[in-house]
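2 protein chains.
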Amino acid sequence: MAATDDRRPKYQRIADSLREAIQSGEYGPGDRLPGENDLMTTHGVARMTARQALGVLRDEGIAEARKGAGVYVRAFRPIRRHGIQRLARDQWGNGRSIWSADIESRALEVDRITVSEETAPDRVSAVLNLADGEVTCVRRRRFVLDGKPVLLATSYLPMPLVAGSAITQEETGPGGTYARLAELGYEPAHFREEVRSRMPSKDEMTQLSMATGTPVILICRTAFTDRGRPVEVNEMTLDAASYVLEYDFDANPKTMPPNVPDPS
Amino acid sequence: MAATDDRRPKYQRIADSLREAIQSGEYGPGDRLPGENDLMTTHGVARMTARQALGVLRDEGIAEARKGAGVYVRAFRPIRRHGIQRLARDQWGNGRSIWSADIESRALEVDRITVSEETAPDRVSAVLNLADGEVTCVRRRRFVLDGKPVLLATSYLPMPLVAGSAITQEETGPGGTYARLAELGYEPAHFREEVRSRMPSKDEMTQLSMATGTPVILICRTAFTDRGRPVEVNEMTLDAASYVLEYDFDANPKTMPPNVPDPS
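Those protein sequences? They're chains S and B, same order as listed.
Just so you know, we're using my numbering here: the first sequence kicks off at 1 and counts up by one.
Just so you know, we're using my numbering here: the second sequence kicks off at 1 and counts up by one.
Note that these hints are calculated values from the structure, not bench results.
Quick caveat: nothing in here was measured; it's all calculated off a predicted structure.
Treat the hints loosely; a few may be bogus.
Copies of the same chain are indistinguishable here, so a pair counts whether it falls within one copy or spans any two.
Straight line, CA to CA, 25 Å or less: simulated SDA-like cross-link-like pairs of lysine to any residue [to be verified]:
1. Lys10 / Glu246
2. Lys67 / Ala189
3. Lys202 / Ser24
4. Lys67 / Arg180
5. Lys67 / Gln169
6. Lys202 / Glu26
7. Lys148 / Gly55
8. Lys202 / Tyr72
9. Lys10 / Gly35
10. Lys202 / Glu64
11. Lys10 / Leu152
12. Lys67 / Thr225
13. Lys202 / Arg47
14. Lys10 / Lys202
15. Lys202 / Gln12
16. Lys10 / Asp122
17. Lys148 / Ala131
18. Lys202 / Arg7
So that you can see chain S by itself, here it is in the shape it has in the complex (with noise of 0.2 Å):
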């Protein structure tokens, strides 16, 4: 350490060196981190102290406190979500969910569901270039992995594109809604994915389950038909201690995306 860095607080330093400790490995994922008391002796320091040294770990989401067992080094074992081949058409085109490749072989189900008529936020039918007060078919779920919530996912179609289809169902069948579209003569050819960061609301931490100091990942994908008429967008909020998105392309892309307003 500089000589300059001297001036840090003692939880500072002690904070700097357990996130040095982790960041060498001498830490892994999993593991528990030196205690209060530990930290007490090591560094001859005031309870207080080692807690805000331990405060500024969790708040970093470096660690997590885990009730009366201490607090240990968050394990980052993230689903990856290929942004690009997931969606690949010879994938929904032959009856698997667009969901099947986002875990590598590990088990994502969908544990809530609700489906129901409304109207779509501003947001939402500026992008859908919907009518004043067209109605939309919205999809609410709600993903577990190991019990553990990890996405909510809320997918707006136009009301009269899919009005008595499987779409308006729980169960829309093989493909899901993607094959379904096709069936109805809106077969999603492009999409367009925007993803932002922030911090979760209390509803968001509490529908996922999410430990303090994690950030959500947002993620507003716009399904278009060839012709380029947006026919499905999703709202997607993840637990970004869970996740890794990946994205796979060319550096001279075939086709360019259709030219759509900008919901932001």
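Dock chain B against the given chain S, drawing on the hints supplied.
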């Protein structure tokens, strides 16, 4: 609000009502929120309760304190970063920097740059298929928008590939690193971007002048030649309050990405 919500503590109820007012547009981006005194009067609560309520919105990244001036709705005027179009060869092939499309008429500038020879971290060496101890050219840059740092980028290139070229200089010349790689016979043809989000470290917060309650987005981009050889790994750290990432792609991409090792 439903009766079941009445168990919420007072500060939480105030925070929830302010959040709803923001989401409904009653307070827009950059607007000043009611101060502690206002909330004390309106809701008949103690100063500490009012302060906690505003603290909730700050922690969620919805609001930000300005010294001596109160608490404001955070303005989210993001840079739109086009993952795919941005890297299209016809963009960097004719001398434009790949970053120029990031900002859509707003001026993103490099305000810090260092170039050095270093042994890359193990995760990077693994992706680049480097032999033990093989050295990389490391280009570290900080990008600033309107005086605010928004992006840290650290690029690793195998030294044997780039030694003696302008890539080892601060100024890489027209078209940047990718144009030089093409001249060297290592033209990037495929890209993989992996996207994560987490809370920033103290050092990242400082380097990006970040507000409390804001996560960073991490992008690890790997560039491959058309023969699948990895030629660059670029680890980027973005202030999440400043960015929307956009990826546009087709349902049935013509080419699949090369089969490459997994860096995470």
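inquiry  = Of all the hints numbered above, which does this structure not satisfy? Sort the numbers upward.
reply    = 1, 2, 4, 5, 11, 12, 16, 17
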